[in-house]
Amino acid sequence: MKLMDYIEAHALLEKYKIKSIESRYISNSGEAIKFSDGKPIVMKALSDKALHKTKSGLVALNINGENQIKKTFESLKEKAAKYKPYKMIIQKMIQHNSENKEIIVGGREDPQFGKLVLIGLGGIYVEAFKDFSLRVCPISKNDAEAMIGELKSKDIIAKTEEEKKMLEEILLKTSSMLVNNDIKELDLNPIILHDGTYHAVDIRILK
Amino acid sequence: MTSKYKSFEYMMHPKSVAIIGASNNPDKVGHIITQNYLDVGYSGKLYPVNINVEKGGKIIGIDAYKSILDIKEDIDLAVIAVPAKVVPKILEECGLAKVKTTIIVSGGFAEVGEINLQESLLKISNKHNFTILGPNCLGVMDPKSRVDTLFLPTFKIDRPRIGGVSFASQSGAVGSSVLDMIANEGFGLAKFISYGNAIDIDEVDILEYLEKDNDTKVIIFYIEGVKRGKEFMKAAKSTSIKKPIIVIKGGTTNAGAGAAHSHTASLAGSYEAYEAVFKQTGIIKADSLDDILDFAKIFETQPLLKGKRVAIITNGGGVGVLATDSIYNNGLIQPELADKSKKQLRESMPPIVNIKLPLDMAGDANDKRFNDALNIISNDPNVDAIMAVALFQTPGADSRVAASLIHFGTLMKKPMVVVSPGGNYTKAHKDMMESSGIPVYPSPERAARALAALLNYYEYKSKNEGKPARIKR
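From first to last, the protein sequence lines stand for chains A and B. The numbering of the first sequence is numbering that gives the first Met the number 0, which starts it at 0 and goes up by one. The numbering of the second sequence is numbering that gives the first Met the number 0, which starts it at 0 and goes up by one.
For the record, the hints were derived by calculation from the structure and aren't laboratory data. Every value quoted in this text rests on a predicted model; they were computed, and no experiment measured them. Misleading hints may appear alongside valid ones.
Stated by the list, open to error - Covered stretches of chain A (chain B as the covering partner; in silico rule of three or more C-beta atoms under 8 Å from a C-beta of chain B):
id, segment
1, 21-31
2, 95-107
3, 139-145
4, 185-199
All residues carry an ideal CB built from backbone N, CA and C; glycine is no exception.
Please model the entire structure based on the sequences and the hints provided.
As C-alpha cells, this is what we get:
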C-alpha cells in the first residue's frame, strides 16, 4: 500500500465536494510566513512512517508571528529527521472553540465485501473510546442515518437536525468516493465540526 | 448442469440414493449412514456400494454393489464416504453413472492442506454436470422426507421433530451439537445442511434454496466466512424480507491481523465488516449458541413483536424485578396498563395483589389467577407482548398453570414468552408448554433478548418493505 500525496488527496476530496482545510507544502519558513498573513496556522511534517503525527510530535497548532513560525519550522524539521522522507505542510487554523467537535470518517477495502465506510468520535479519542459505526458501500440515506444513530456520542457530535444532515451528507459523499476510486484505506481524522460547517484537517489515503 | 436449487431438491427428496463406502463394519462411517437411512424410515431406493463386496452380497441386509456403475437404475443422490484419495475415482464413476448430485462426507482435503486434491473434485463434477455438497461435511437431514446422511448414530444424537426451522452449518461439530440441542428444545426442524469446505455449494446457494423452500419459516446459520460477499448480501437481503435469518459467526476476534496502516483499519476488522453486513441485510446476529436456540424458538412460534411495551406477570416478586430490569436492558419498556384492565384486575385479584406492572400475583397464585391476568392483559391496548414468569416451585403453581399459559399463549395475537427457571418439575412443564408452541426460557434475560430480536426484525422488515415502521412508545 502506498500513501497518496496530500495535495492530490485534498483534490480528490474536493472532486466529491468533501470540504478539507486549505493546505500547501513549504520548503522554508518564509513561505509559511507569507501564507499565514498574520493569522494563526498549523504546521505538520508528513511521513509514511508516522501514523500518529500528534504522538510523534509532528504537529504544531496555532502558530503565529514570524519568530514563532521560524522556530516551529526548525523544531519540526529536527523531530521529523527520524521519519525521513517527509514533507512539511501548512494549513489554515480553525479557530479553537469549545463548541467544535472532532469526528473520524474513514474507509477500507474488505476482501469479502468490498469498500466499507466508517464514522466515529474522532481526533485523539478514536482509539480510546472506539465509538464508531460501519457499513458496506454503497450506503443509502437510511444507512447513513442509522450509522449516526448507533454512535454513543451521537448527542455530542450531532445534536441538531442540521448537524445530523451534514454528517449524513459527508458519509454519502465519502461512500461514493470510496466506491469510485482505487482506495485501500482512508482516514479523515479529524474532521472538525465548527461554525455550522466542517473541514477535514487531516487526510490519509492508502492506495 | 443441474442447478443448485434442483440439487437440493434431489438431496432432500431423492427417489434413489447410493451410499458409497457402505459397510457391514459398524465402525465405518458408511455403515452408520446406511443404518440411519433405515432407522429414519427412508422410503426410496437404497443402494449400498462397496468395492470389497462379493457378487450377490448384502450390506445390512440390502443388496450391495461393487461399483455405482453396476447399478443399472437412475440415481438421484450419491453419498460418498470413502478415503480422500479414492474420492476422485469415485466421483468419475458417479459422473459416468449420471448421478444428479453428490454429498462428499469424507474429510482429508483443504482442511488438512490437500488443496490440489480438493480442486481436482470440482473439475470432475463440472465435466459431468453434477453438484457437490462438501467435502468434509455431515450432509443433509430432512425429517419430513426422512432423509438423513449424518454419520452419527441415532442413539448418540437425538433427531429433531418436523418443524419450520432450517439450520445450515459450515462446521459439522457445531452442526451436530446444535441439532442434538434442537431436538431437546421445543421446536422442530425443516432442513439441516452441513456444507463443510463448500467447494461447490456455498452459503449463497443455501440461502437461495431456503428462501424458496416452503417448509422453512426460520433460518439459522453457523458461518465462519462467506466466499462470495456481494452475492451473499444480495441473497440475504432478498431472503430476510420473507423469513428471519439468524446467524452466529465463528471467528469474531481479529487475532493475528497485521499492523494497521490507518485508524479505520485498526477499528474496523473483518468481524466488524460482518456485523455491518448483518445490519444492512436484516440478518439477526446471535452472539452465542444459547442465542441461536432462544431466537429460533421465538421466531418459529410467535407473531412478530410490533412495539416495545412488554407486560410482566409473575408469581414471584424478586424474579419480577429481575424481569423488569431485563426488559429495559434490552431496549424494551414496561407500559402503564389501561384503566379498564386495572379495574378488571382489581376485581379479580385478591387484595394482597398490587395492581401495577410487573403484576406480582403472589406465591400462592394458581391457574385461576393466571387465567384472569392473561385474559385481561392480552386484551390491553397498551401492551405489545407478555412475559409470564411462572415459578413452578411455588405452592400455587402446577400443571394447570402451564395449561393456562398454553391456552392464552396459543390464542393471543401478540407474542408471549414464559420464564421458568428450575429443576426437574419445572422441566416437565417447560416440555409441555414448548411442545405446544410456547417458548420457555430459564432466565428473564434470555427471554428479553429473544423479544428484542423479534422487535428488531420487525423494525427492519417494515422499514425495508417500504412501509414505515410505527413503533409505539
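- Hint check, failures only: 1
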